[in-house]
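Based on the provided sequences and hints, a complete structural model is requested.
Residues per chain are reported as follows:
There are 2 protein chains.
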Amino acid sequence: MRDFLPVDVRKRNYVIGIIKEVYESYGFEPLETPAVENIETLLGKYGEEGNQLVFKILKRGAKLAEVAELQSDRVAEGSNSETPQHRNSENSLADLALRYDLTVPLARVVANNKNDLPKFFKRYQIQPVWRADRPARGRFREFYQCDVDAIGSKSMIVEAELIFAVSEILTKLGFDDFMIRLNHRKILKGILETSGIKEELHTDALIILDKRDKITAEEIRAEFEKKHIPLDGVDRWLKFVNRINKKRSENASEQTLRESNQEVANTLADFLKDHQEGLSGLDELEKIWNLSEQLSEEPHIGIELLLARGLSYYTGAIMEIDLREGNFNISLGGGGRYDGLIGMFGKEQIPACGFSLGLERILVVMEERGMFPAEIAESTPADVMVTIWNDDTVADSLKLASELREQGLRVTLYPEADKLGKQFKYADSIKVPFVCVLGETEIAEGTVTVKNLSSGDQRSVERRSVAMVIKEGENSHQR
Amino acid sequence: MRDFLPVDVRKRNYVIGIIKEVYESYGFEPLETPAVENIETLLGKYGEEGNQLVFKILKRGAKLAEVAELQSDRVAEGSNSETPQHRNSENSLADLALRYDLTVPLARVVANNKNDLPKFFKRYQIQPVWRADRPARGRFREFYQCDVDAIGSKSMIVEAELIFAVSEILTKLGFDDFMIRLNHRKILKGILETSGIKEELHTDALIILDKRDKITAEEIRAEFEKKHIPLDGVDRWLKFVNRINKKRSENASEQTLRESNQEVANTLADFLKDHQEGLSGLDELEKIWNLSEQLSEEPHIGIELLLARGLSYYTGAIMEIDLREGNFNISLGGGGRYDGLIGMFGKEQIPACGFSLGLERILVVMEERGMFPAEIAESTPADVMVTIWNDDTVADSLKLASELREQGLRVTLYPEADKLGKQFKYADSIKVPFVCVLGETEIAEGTVTVKNLSSGDQRSVERRSVAMVIKEGENSHQR
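Read top to bottom, the protein sequences are chains Y and W.
Residue numbering for the first sequence follows the numbering used here, beginning at 13 and increasing consecutively.
Residue numbering for the second sequence follows the numbering used here, beginning at 13 and increasing consecutively.
Just so you know, the hints here were simulated from the structure itself, not pulled from any lab data.
You may find that some hints are simply not true.
Identical chains blur together in the list; that is why a pair holds if it fits in one copy or across any two.
Claimed, not checked - Only pairs whose alpha carbons sit at most 27 angstroms apart, straight line, appear in this in silico DSSO-like list of lysine-lysine:
id: 1; residue 1: Lys32; residue 2: Lys184
id: 2; residue 1: Lys131; residue 2: Lys434
id: 3; residue 1: Lys359; residue 2: Lys437
id: 4; residue 1: Lys126; residue 2: Lys434
id: 5; residue 1: Lys299; residue 2: Lys258
id: 6; residue 1: Lys431; residue 2: Lys131
id: 7; residue 1: Lys411; residue 2: Lys184
id: 8; residue 1: Lys223; residue 2: Lys239
id: 9; residue 1: Lys483; residue 2: Lys32
id: 10; residue 1: Lys238; residue 2: Lys201
id: 11; residue 1: Lys166; residue 2: Lys431
id: 12; residue 1: Lys431; residue 2: Lys443
Small disclaimer: the values here were computed from a predicted structure and weren't measured.
Below, the structure is given as structure tokens:
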């Protein structure tokens with residue numbers, strides 16, 4: 013987990029600012045939930061691997077003492093401390109856990125506040141989540157998710173609007189090479205069943221598939237074998253997907269994305285034969301990409317039949333936004349429809365669909381590509397520094413700083429009487445563009461000596477004109 | 013811990029926005045640290061009670077298994093599970109902990125990044141902290157602190173500037189009845205020693221004193237007795253303070269605050285006789301209030317000899333900002349000088365001083381007093397809602413929504429084709445001021461029917477003028 017020094021925070025806030033602005037322009041409203049959730053709220057929502065990665069908070073005081081005593085008794089009675097005991101101990105020692113994503117807390121909030129929320133609740137949420145994962149490039153144990161979700165409708169207009177909003181954010185940040193990949197849990201189910209893989213193995217199969225970018229084809233096969241998923245079924249499936257992808261890349265130069273998607277859809281419809289659920293998933297995807305043609309003439313949207321997404325709560329369309337970098341795809345975010353999750357927290361099933369942008373990934377790529385505007389990358393802590401001449405003039409300097417602030421400047425005051433050279437050296441080190449000197453002569457004359465640190469110009473200015481001179485200097489510098 | 017629905021988040025962001033703006037106008041820069049710290053970083057910094065209130069995170073995987081095994085062995089060897097064992101178990105089961113305040117993480121950051129930070133580092137930080145405390149009015153287990161700290165100088169100009177900044181924030185938020193209370197750890201030390209209380213009992217005495225607003229005088233005496241602090245010394249001290257306070261309230265109508273402070277200072281100087289450290293503390297306080305006269309002609313600053321502040325890391329001036337409500341003081345924040353804390357994380361002692369505003373307290377009082385501006389309290393999720401006529405016109409509605417957004421409006425789209433009555437009912441429920449209807453006639457004619465929901469006016473508008481009509485309507489509504 014990392015500290016963010018001022019220059020980092022400014023870059024993060026710049027990106028978050030654009031994300032908020034776009035989400036709000038689509039009518040999404042802000043929601044915030046606590047970092048800490050009851051452990052039962054989180055466990056069982058993210059699959060077995062997710063359970064392991066949740067940070068758990070130790071019980072406190074009497075409750076902890078109780079558990080410890082219980083366990084001592086058990087051990088004293090001769091039960092051994094093998095794995096099942098440990099797992100039990102882990103869950104009995106903790107009662108709270110750190111937020112693992114923003115979707116499960118949203119589902120809890122919607123279920124608990126049904127009557128206070130509008131029929132269609134459109135919310136965004138930009139907060140950190142925590143996973144006890146191994147850190148990697150752009151992956152951290154504390155990271156921010158920028159989620160946007162629409163609750164209450166099964167219409168594919170929701171998916172289309174989420175794709176619009178997220179695409180607009182990336183465009184405003186300066187990305188022009190992103191690709192939206194779509195798949196559908198019902199299509200995946202259709203392919204798996206048509207390939208002869210039984211339903212109880214589907215979750216495992218999807219989780220393995222979701223790692224396709226991180227591990228080799230050999231490792232994938234080994235994982236399938238470990239989970240007793242029949243390899244002939246898997247092979248049939250992978251062969252089908254490879255055939256589609258090969259054909260698609262052969263035709264890439266002649267076909268539009270739309271034509272390519274249509275062709276994939278046709279081939280897929282043949283493969284699914286009369287698997288009704290799979291075909292209905294395909295139908296939904298077609299609706300989504302038809303609507304997204306309103307976004308631009310040639311939207312960068314493609315079916316991606318190996319897209320699975322690891323989380324177990326998705327039920328419909330699943331989406332990911334990728335950047336192509338060399339031979340790799342970098343995912344900047346993803347999401348999908350989860351019509352069953354809210355019902356796990358309340359009596360009513362409420363349909364929902366959402367998208368999550370990963371702030372850290374976006375920042376890493378923007379940094380590498382030098383995409384931050386100069387005023388963010390080179391920002392300074394203040395517009396001007398006011399010096400302190402000696403102990404007797406402190407009050408005068410405080411007053412000058414206060415006057416300049418009232419006129420809208422950001423003013424930092426050197427915190428003590430010191431040699432003027434040292435004060436200028438400090439001003440240089442924090443890169444403020446202007447320094448004001450207020451010595452005994454200036455005080456007597458009602459003037460201030462203003463020095464422009466980048467040009468080296470220094471001149472005596474009437475006190476009431478100081479703010480104006482600095483503002484003009486800043487503007488001319490920007491030009 | 014609480015969820016914040018949209019109206020709550022908007023209020024929080026309004027207050028945070030003003031706090032950031034003022035801190036930045038003083039040249040403070042943003043810093044963010046992770047929610048999770050190593051447990052050793054936090055333990056021992058907040059006193060014994062603080063240690064208990066830190067949320068601790070369970071070790072994971074192999075590390076946890078190791079500890080559990082070790083403990084089973086110990087229990088099997090016949091050691092019992094009394095309190096010391098539990099405490100040991102608590103600390104051995106956890107390796108991480110949730111941030112308890114923003115000052116200790118800052119000290120760690122400064123010690124670790126000495127060479128990357130300016131000589132005087134002025135930072136602000138607005139993030140949540142967590143304490144396993146009993147919740148009360150305006151006190152929660154997750155709450156935001158809005159901290160501002162200046163690192164690197166021992167000058168009292170720092171204290172004065174912090175008081176300026178925090179006062180300006182409260183004034184901008186609309187508070188006009190706050191009072192800044194000052195005391196000094198060296199004065200407290202002087203009073204305690206002069207009262208015959210030995211140095212090793214000072215920490216306990218200050219912690220008990222810090223509860224004076226929460227418990228009765230009898231309970232305070234009982235706590236002193238429990239800690240074996242000689243009651244005759246305590247009585248001498250409390251009598252002295254009561255005498256001062258009585259005299260002050262008698263003179264309240266005739267004296268300015270400045271005169272009253274001066275009189276307290278004189279009486280205190282007599283009491284401290286030649287306790288040099290205590291007198292130097294008093295001298296520092298006098299400097300602070302002299303400088304704060306630059307803030308206003310009659311700054312609301314008073315010496316408060318019973319102010320102790322619970323945290324153990326303070327070494328110099330301590331400060332609190334209170335509101336008077338009936339017979340109670342509500343503290344909106346506090347701070348002080350901690351010249352020894354950073355040295356606990358690095359080789360070098362670096363002086364530091366800071367102030368922390370409690371966001372939750374501020375929000376509770378602003379809510380009770382109705383201090384939020386109307387545009388925050390009554391804000392809506394969007395400026396306009398676009399309806400959907402039928403399944404064939406979805407693309408047209410998407411396009412209209414997108415056009416209006418491009419012209420700077422916040423636009424929400426009804427997410428599905430539905431009866432128009434239902435769509436209007438929804439628009440009413442989320443309180444959008446305008447609704448656009450785009451039916452087949454409108455599409456054919458290149459118009460949009462715009463309805464103003466508050467006046468009930470409805471008229472046909474040329475498509476390219478829709479945004480303008482809505483903006484004008486919003487302005488006239490505000491007037």
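These are the hints, each one checked on the structure:
| no. | hint | in the structure |
| --- | --- | --- |
| 1 | Lys32 x Lys184 | both (12 angstroms within a copy, 25 angstroms between copies) |
| 2 | Lys131 x Lys434 | between (63 angstroms within a copy, 11 angstroms between copies) |
| 3 | Lys359 x Lys437 | between (66 angstroms within a copy, 25 angstroms between copies) |
| 4 | Lys126 x Lys434 | between (61 angstroms within a copy, 18 angstroms between copies) |
| 5 | Lys299 x Lys258 | within (25 angstroms within a copy, 78 angstroms between copies) |
| 6 | Lys431 x Lys131 | between (66 angstroms within a copy, 15 angstroms between copies) |
| 7 | Lys411 x Lys184 | between (42 angstroms within a copy, 19 angstroms between copies) |
| 8 | Lys223 x Lys239 | within (15 angstroms within a copy, 60 angstroms between copies) |
| 9 | Lys483 x Lys32 | between (29 angstroms within a copy, 21 angstroms between copies) |
| 10 | Lys238 x Lys201 | within (21 angstroms within a copy, 69 angstroms between copies) |
| 11 | Lys166 x Lys431 | between (70 angstroms within a copy, 16 angstroms between copies) |
| 12 | Lys431 x Lys443 | within (19 angstroms within a copy, 60 angstroms between copies) |
In summary, this structure violates none of the numbered hints.
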